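Here the protein sequences come in this chain order: A and B.
Using our numbering, the letters of the first sequence correspond one by one to residues 1 to 233.
Using our numbering, the letters of the second sequence correspond one by one to residues 234 to 499.
In short, the hints are calculated from the structure, not lab data.
Being a predicted model, the structure only gives us computed values, none of them experimental.
There could be a bad hint or two in this list.
Each pair of labels, with its calculated beta carbon distance range [unchecked claim]:
| # | chain 1 | residue 1 | chain 2 | residue 2 | range |
| --- | --- | --- | --- | --- | --- |
| 1 | A | GLY99 | B | THR313 | 44 to 54 angstroms |
| 2 | A | LEU31 | B | PHE270 | 51 to 61 angstroms |
| 3 | B | GLY457 | A | GLY229 | 37 to 47 angstroms |
Not everything, but these chain A residues come out facing chain B in the computed CB check (under 10 angstroms) [what the hints assert, rightly or not]:
| # | residue |
| --- | --- |
| 4 | PRO3 |
| 5 | ALA5 |
| 6 | GLY57 |
| 7 | SER68 |
| 8 | THR205 |
| 9 | ALA215 |
| 10 | TRP218 |
Chain A regions said to be covered by chain B (calculated; three or more residues, Cβ under 8 angstroms) [said to hold, decoys possible]:
| # | segment |
| --- | --- |
| 11 | 75-89 |
| 12 | 192-204 |
C-beta: ideal position from N, C-alpha, C; glycine also.
One letter stands for each residue in the lines below.
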Amino acid sequence: MKPLALWSHELRRAGPAALLAAPILATLTSLFAVFSTELGTRDGVTEWFLLGAVEMGIPLVAGMAAASLLGQDRALELQLTFPRRYRGTVLRRLTVAFGAVAGSSLICSAVLLAAGWRNLSPDYPASLTGQLTWLAPTLWLAALGLFAAAVLRSTAGATTVVAFVWGLQQLTTAILQENHVTRLLYLFDTTRGTVPEDWLWNRFTLLATALPLLAVAWYLLGDTEWVKGGGSE
Amino acid sequence: MIATMRYEFHMQLRSRAMWVVYALVFTVYVAVDRSFFTLYLGRGVEGEPKTAMLALGTMVGALMPVAYGCMVADRLVRDTRLGVAGVLDTTPTGQGSRLIGKYLGVCAATAAPIALVFFGRAIVFAVAEGEPTALGWASTTFLLTITPGLIFIGALTLTGPLLISPMIFRVLFVVYWFWGNLIYPAMMPTISGSIFDATGGYMEFGLLSPERDPNVIPYGPYPGAALNFLRPVASPTVAFLWLGTMLALAVAVLALARLHLARKAT
Chain A
1 MKPLALWSHE
11 LRRAGPAALL
21 AAPILATLTS
31 LFAVFSTELG
41 TRDGVTEWFL
51 LGAVEMGIPL
61 VAGMAAASLL
71 GQDRALELQL
81 TFPRRYRGTV
91 LRRLTVAFGA
101 VAGSSLICSA
111 VLLAAGWRNL
121 SPDYPASLTG
131 QLTWLAPTLW
141 LAALGLFAAA
151 VLRSTAGATT
161 VVAFVWGLQQ
171 LTTAILQENH
181 VTRLLYLFDT
191 TRGTVPEDWL
201 WNRFTLLATA
211 LPLLAVAWYL
221 LGDTEWVKGG
231 GSE
Chain B
234 MIATMRYEFH
244 MQLRSRAMWV
254 VYALVFTVYV
264 AVDRSFFTLY
274 LGRGVEGEPK
284 TAMLALGTMV
294 GALMPVAYGC
304 MVADRLVRDT
314 RLGVAGVLDT
324 TPTGQGSRLI
334 GKYLGVCAAT
344 AAPIALVFFG
354 RAIVFAVAEG
364 EPTALGWAST
374 TFLLTITPGL
384 IFIGALTLTG
394 PLLISPMIFR
404 VLFVVYWFWG
414 NLIYPAMMPT
424 ISGSIFDATG
434 GYMEFGLLSP
444 ERDPNVIPYG
454 PYPGAALNFL
464 RPVASPTVAF
474 LWLGTMLALA
484 VAVLALARLH
494 LARKAT
């Protein structure tokens, strides 16, 4: 297969769930933001919805999608015998899913800038550097998802890890913000962070720590025996 | 039904991934929230086993159901994915009994690590404080505040992926868990803190620990929150109403799933 054909195959293979989840989430949040005051939302919260979707919702989708990438190939044994390495296929699939997420995030960021809602957090950069708002947590959770899927070889297990880490960071914001190290690894620093000076460091730490996770996943997925040992779950 | 239940229970209980994931998430949880290592979890009057056990219930019940729900989510649709659903349909066991058996078996097995952590911690407390009554309070707390929520969440997450892809369902479930159970009710319209909240607030403040500080507003209506009509003031009656609501929701969800499966089969 030509490279282009491989990509178009993965695009179709990713399925509507992985491709449409982030755009639908963004649209729904925008709609909710528009009507939320009528529904009884507290003042000042409405503007945070879209920013919250960009920094919290979309990364969750990306992480869950990445965690669900493995274990859906029907004839895995056959694939593992091909000259094209399986990990290349997985990476293409991840890129496709990530592309859909990144596209929706960019559109949301543009809407935020246009609506002036970004000004709510004047301490944080908005335009180009501001894209790290979604890029860092999205990449980190996606890396965690793929890493967990590769290590555990279980979609249920990997998605649980992503969901739990996301939930834990939401629930224990106060504790995580007290300590310098955990503050650097906090995913929602734009919306719920307390030390604006650390923001850029936080974003770079997230990007930097995502790389080893991806590297371990890449290594494990290159090991045919390991991939095969996981069974179909 | 019993056979399905036993089989599903053992299959899930022997799943290594489940134990590894629970161990992992729980280690991370207590590493971050270290109040787990203090006997009274930073709450309540010292020397009061009931308060300590209720605090433990709140902590375990706040986040562990996220792991529980995500883990239950693929169990039913897995039959279709592996291509065994058709084969199972040909067996004399009816679809309904298989659904109920699977539900009971999977939920019991997936809740087992949560119970292990909860009761393990309760035993440590009982030994350290020399308070055997703590174990009684632990059982009551687990049975009345955590279990009803797990019964409903189990039905929801087992059958939810019948309608949408498991990946999307898990995302929605995590979002639902925060929106519907954990956020402050005044923040936005939510069922958090209401009779539909799956964490056992009503049981705790209505039945088990009604004596609250008079300076604190009673559990129930939240000042400035929308949908306050769903949040009656906590009392023993409301606590049982909540229990009934959770059970009724679980039955309703399972009944709808049964109808859905029957329609798909024809």
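Exercise. For this structure, which hints from the list above don't hold up?
Worked result: 1, 2, 3, 4, 5, 8, 9, 10, 11, 12
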